[in-house]
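One letter stands for each residue in the lines below.
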Amino acid sequence: AQSVSQHNHHVILSEAASLELGCNYSYGGTVNLFWYVQYPGQHLQLLLKYFSGDPLVKGIKGFEAEFIKSKFSFNLRKPSVQWSDTAEYFCAVNILTGGGNKLTFGTGTQLKVEL
Amino acid sequence: ETGVTQTPRHLVMGMTNKKSLKCEQHLGHNAMYWYKQSAKKPLELMFVYSLEERVENNSVPSRFSPECPNSSHLFLHLHTLQPEDSALYLCASSQALAGAGSYNEQFFGPGTRLTVL
Chain U
1 AQSVSQHNHH VILSEAASLE LGCNYSYGGT VNLFWYVQYP GQHLQLLLKY
51 FSGDPLVKGI KGFEAEFIKS KFSFNLRKPS VQWSDTAEYF CAVNILTGGG
101 NKLTFGTGTQ LKVEL
Chain S
1001 ETGVTQTPRH LVMGMTNKKS LKCEQHLGHN AMYWYKQSAK KPLELMFVYS
1051 LEERVENNSV PSRFSPECPN SSHLFLHLHT LQPEDSALYL CASSQALAGA
1101 GSYNEQFFGP GTRLTVL
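Sequences listed follow chains U and S, in order.
For the first sequence, the residue numbers in the numbering used here are 1 to 115.
For the second sequence, the residue numbers in the numbering used here are 1001 to 1117.
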């Protein structure tokens, strides 16, 4: 069965530091890739997604992610984090074999940004 | 109200109780989902309804019983739960499931925090 691994469970950064959160998936076929964010007390919301084309995708709030097919990775990056980026971040994969829309999520990474 | 709403937001129940979780979407979607979010575990897909028909049941115990009376409403009926069922239960909606090779973005509700004593 496919799986999604997020290696960092808790990350603490100071404001203006650069961020990179790792995400690896285990499936050799065609996939759609997503990063979702859950701010404290708020809904899970889509941060960015990769379907095809340019492997470097840009999302909301200055986030970007790079799809590296050879490494089965989709790492999330932000050059300079803000206190308001404190949230939990989830990587997810949709495997494109019959009946789409079945997301497999990672365990999440809790990011805390300190002033 | 807009988006996906869930009630109640918090629920505490005993193992012998029967309760229901409610989800309502105001986005004009016609597919709805139940997920379970447990501490330190990945979000788990439980059920999927598309056009009011159940199209996915991920080996969920029968003490969880979903109901989708129309495309805007989704329920999760709970009975004789176990303490390990304590978790955040998330509802999501999207446009109806497309065929292989396509995907419709899912929008999530705030969740119901369930505690089983």
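Worth flagging that the hints you see were computed from the coordinates, not collected in a lab.
Wrong hints could be hidden among the right ones.
27 Å max Cα-Cα, derived BS3-like pairs, lysine-lysine [what the hints assert, rightly or not]:
(1) U/112 with S/1022
(2) S/1040 with U/49
(3) U/102 with S/1022
(4) S/1022 with U/69
(5) U/102 with S/1041
(6) S/1041 with U/71
(7) S/1018 with U/78
(8) U/71 with S/1022
(9) U/78 with S/1022
(10) U/71 with U/49
Next item on the list: Please write out, lowest number first, the hints stated earlier that are contradicted by the structure.
Entry: 1, 4, 7, 8 and 9
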